[in-house]
Amino acid sequence: MNTMHVAAIGESLPSELRDLLNSPEGPAFEQALDVVVRQREQHMFRALGQLARDLHDAVRRLGSDLAQEGFPGSVADARQYLQDALEMSANAAHRTLDFAERMRPQAESLTINAAEMLKWAQGNDPAAVLARESVMFADSCREGLADMVVAQSWQDLTGQRIKKVDGFIGSVQTTLLELVRLTGALAGSEMPASVAKVSSQEEADRLLSEFGF
Amino acid sequence: MKILVVDDFSTMRRIVRNLLVELGFSNPLIQEADDGESAIAMLRGQPFDLVVTDWNMPNMTGIDLLRAIRAEASLKGMPVLMVTAENNRDQIIAAAQAGVNGYIVKPFTADTLKEKLTKIFERIAASGAAA
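Chains R and P, in that order, give the protein sequences. So the first sequence is numbered by numbering that gives the first Met the number 0: it starts at 0 and just counts up by one. So the second sequence is numbered by numbering that gives the first Met the number 0: it starts at 0 and just counts up by one.
Hints are all accurate, no fakes.
Once the Cα atoms are required to be at most 27 angstroms apart in a straight line, the calculated DSSO-like pairs of lysine-lysine come out as: (1) P:LYS105 <-> P:LYS118; (2) R:LYS163 <-> P:LYS105; (3) P:LYS115 <-> P:LYS75; (4) P:LYS75 <-> P:LYS118; (5) P:LYS118 <-> P:LYS1; (6) R:LYS162 <-> P:LYS105.
The following residues of chain R were derived to be distant from chain P, with all beta-carbon distances above 10 angstroms: (7) ARG17; (8) VAL34; (9) PHE136.
For the record, the hints were derived by calculation from the structure and aren't laboratory data. We treat Cβ as the ideally placed atom computed from N, Cα and C, and that holds for glycine.
Please put together the full structure from these sequences, using the hints given.
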């Protein structure tokens, strides 16, 4: 890499430097070299400054876009909606499980009572027919209730996905915050004291607002 | 038979409990933990006969719980049934290598749970008879 670098400089070496290279004047050569280096540095810093400003503007636009989108109004709101959905679905599933738990003992006692009845009512006795039907009904109820209970596992499956999306939004939020912090520093803004460590939503919001989000 | 049901979702713990009761296990003997960490603490504190655990949980996952159980002298023989939405090959292999006794992919039916539990207890009975 060094060789390539030297070769590249050799080709584009200003003529005053090339002359000085062959002259015995050491200090003059160094001075000329400094001038060239400084010129190149200034180009680079100007380009970097422009890049930092563009980046800062882009992040600022992103921040205001996020705030103006309306619904969901902010990342925090979006995460809250997901939490609400998770909670509501859990409550709904628990309610269904309540029904199943309430009905199962009733089905069980119907089976027991029908079996008792079958001890003295037999054959085509209407009581025996009803008792046998009751046993069948109670059995299919228990089976159906068990299926209904298992079907509630949708809450766990959808809930896990909601948690994953929430985690993803959380990491986007953190990355966005890092970007804001970085562009703030690049644009020469004074780093707020709160930047050092962001651990809560409130701190995050405060930091974002300090950068105009 | 004392059973520990481990899942971070309260609905899932309740579903598994319901199915176990439906299969004839005693409701008061079923206990619950919401992650691997609290499960291992409970397992150290009192005797259990079976652990039914989820995979994805905060703090300590189901696979880590399984490994912790197998690594502990007093717990290593504990039957562990994994009930999880994780159905990729590598995870099933990892569970098998860690010494899982049964693996059920969610969503499952009461029949699947019954079949896996029966298999686990048959094997335990067979190894107990052999010993």
